[in-house]
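Undergrad: Kindly produce the complete structure, drawing on both the sequences and the hints.
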Amino acid sequence: MIANILDGIVLGLQFGLLAVGLTLVYGLGGVLNLAHGQMAVAAAMVVALAQAAGLPIWLAAGLGLLAGGLMGLILDLTILRPVYRLRGEARVLLSLLLTLGVSFTVEGFLNWRYALGALSLRIGGGAVEILGVPMRRGSLAASAITLATFAALFLFFRYTSLGRAVRSVIEDQEGARLVGIYPHRMLRLILVLSGVLAALVAITRAMVTPIDVHSGLSITTFALIVTVVGGLGNVAGALLAGLILGIVNAVAADLIGTYISLIILLGAAALTILTRPAGLLGVRE
Amino acid sequence: MLEVAGFSAGYQGNDVLHAVAFRVDAGEAVMIIGSNGAGKTTLFRAMCGLLSPSAGQVRFEGNDITRLPAERIARLGLRFVSAERHLFPRMTVQENLLLGAYPHRPDPQTLSTVLELFPRLAERRRQHAGTMSGGEQQMLAVGRALMSKPRLLVLDEPSTGLAPLLAQATYKALRVLRKQGLTVLVAEQQVPLAMAFSDRGYVLENGFIRLQGTTAELAAHPGIRSAYLGVT
Chain A
1 MIANILDGIV LGLQFGLLAV GLTLVYGLGG VLNLAHGQMA VAAAMVVALA QAAGLPIWLA
61 AGLGLLAGGL MGLILDLTIL RPVYRLRGEA RVLLSLLLTL GVSFTVEGFL NWRYALGALS
121 LRIGGGAVEI LGVPMRRGSL AASAITLATF AALFLFFRYT SLGRAVRSVI EDQEGARLVG
181 IYPHRMLRLI LVLSGVLAAL VAITRAMVTP IDVHSGLSIT TFALIVTVVG GLGNVAGALL
241 AGLILGIVNA VAADLIGTYI SLIILLGAAA LTILTRPAGL LGVRE
Chain L
1 MLEVAGFSAG YQGNDVLHAV AFRVDAGEAV MIIGSNGAGK TTLFRAMCGL LSPSAGQVRF
61 EGNDITRLPA ERIARLGLRF VSAERHLFPR MTVQENLLLG AYPHRPDPQT LSTVLELFPR
121 LAERRRQHAG TMSGGEQQML AVGRALMSKP RLLVLDEPST GLAPLLAQAT YKALRVLRKQ
181 GLTVLVAEQQ VPLAMAFSDR GYVLENGFIR LQGTTAELAA HPGIRSAYLG VT
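In order, the protein sequences belong to chains A and L. Its first residue numbered 1, the first sequence is counted upward by one per residue in this note's numbering. Its first residue numbered 1, the second sequence is counted upward by one per residue in this note's numbering.
Read the hints as simulated data drawn from the structure, not as lab findings. Model, not experiment: these values are computed from the prediction. Beta carbons: idealized from backbone N, C-alpha and C, even for Gly. Incorrect hints may have been included.
[Unchecked claim] A few chain A residues facing chain L, derived, Cβ under 7 Å:
no., residue
1, SER161
2, ASP172
3, ILE181
4, TYR182
[Said to hold, decoys possible] The following label-pair restraints were derived from C-beta to C-beta distances:
no., chain 1, residue 1, chain 2, residue 2, range
5, A, ARG158, L, GLU116, 24 to 30 Å
6, A, ARG87, L, ALA5, 29 to 35 Å
7, L, PRO69, A, GLY62, 34 to 40 Å
8, A, LEU73, L, GLU116, 41 to 47 Å
9, A, LEU96, L, ARG72, 28 to 34 Å
TA: If you want it as structure tokens, here you go:
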């Protein structure tokens, strides 16, 4: 049981970080990015290719993060342009359709060119015992990186003026404009950040379990569920929801089975919408 | 400093403002008075870039700012305090104030001036803006605008939703700012409050400027006395 919970925490931290990108992009720009998982997978393939080309791992990982950020920027500059002209429900719907198209395109391309491509980052050394449970070094390294990233995000949003400006757009876009903040610049920044975070999750995930070209849909699904449970535009909520759902998922997968655990997660998301529509830490408007 | 000419604006093609013209000189306090629905808010929203005007021109310190986006206009030093305030409710008073200076580094001197002007804000620095009373939120909205050291402060109905004492306190703070040399343009339907504060004024009725003059001239005008000051 403790082993399951620890595994769940490792997974949950990553879920949470995946959801951060998705939830911030939605909170800032009313854009729901269904290509989030495919962006992560594409970045993982960049890392795998760079490694295969003989680059050291830190450089390959750096290229992967860069690729993630670049994909966010490209989304902003191309496919999301028509979305920005719309408001409200139409905007969300068009963003859903267009990014779904992107997800198919990216996955189709990767499947065509690199059907057997996969990223697996092995971290050597024996297991480390935590609370009596032997944990792989890869899982620990992945969790440490993810936690450090969360800490950096909290500091950024709390103590830098740019971070506060991003939050202000989520809270009141008109208020932000009246103090001289360009909402679209903040959205672009956060799209790039969400791409980098997706890449980071793909890389750290590969330290735990291989990422292949078909992992995109499940990554997007997990990110969406965590986003819904955590509340839109809420970093702390994403972390908390990621941890809870990660543990639920690991325990359920062990006790009942992997397919059922996904259904349980979806059920948890549905229950959250019914009972706390603004998410775990959300405040009702 | 501010010149508005032939300015028309409205919603869905229906103008509610018709060729409005007025000006504000540096150092002045100017009021635009009119009843609810006269078009004051539409005028300010279109002037400050939140709404696209259908005709006319706005010049600010010699530059044409017509149709510039609100965020550009704010950075030029024309700060609009909306009647809805548009604070950041889940951010602290302090964070709201600091954001007022964005993208510049907040000036500690300006911050202490603002906190001196509104001691309530100093007491509530760590509190979330959304949990404050209407009067405190109004102070914060003005304080946030001041953090940018604006050239011109534009206020839409600063007395809205405030008890009489708080509304008077707001105007008291505005008078202090005037003495420090700030140029202020205010729209108000509580005319006596605005009159006690302004040098000049314009009367907006059904989207037209009907009258203009110094505060003394307007206060003596029989139409104003009966319609807005309750004197017959």
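Undergrad: For each hint, tell me whether it holds in the structure or not.
TA: Now for the hints, and whether the structure bears them out:
At a threshold of 7 Å, the smallest CB-CB gap from A/SER161 to chain L is about 6 Å, leaving the interface hint in force. For A/ASP172, the interface hint holds, since its Cβ comes within 7 Å of a Cβ in chain L; the closest pair sits about 5 Å apart. For A/ILE181, the interface hint holds, since its Cβ comes within 7 Å of a Cβ in chain L; the closest pair sits about 6 Å apart. At about 5 Å, the closest approach between the beta carbon of A/TYR182 and any beta carbon in chain L falls short of 7 Å, and the interface hint on this residue holds.
At roughly 26 Å, the beta carbons of A/ARG158 and L/GLU116 sit within the given window of 24 to 30 Å. A/ARG87 and L/ALA5 have their C-beta atoms about 31 Å apart, which keeps the hinted 29 to 35 Å range intact. One distance hint, 34 to 40 Å for the beta-carbon pair L/PRO69 and A/GLY62, holds here, with the actual separation near 36 Å. In this structure, A/LEU73 and L/GLU116 meet the distance hint of 41 to 47 Å, their C-beta atoms being roughly 44 Å apart.
Between A/LEU96 and L/ARG72 the beta carbons are some 31 Å apart, a value that agrees with the proposed interval 28 to 34 Å.
Of the numbered hints listed earlier, not one is contradicted by the structure.
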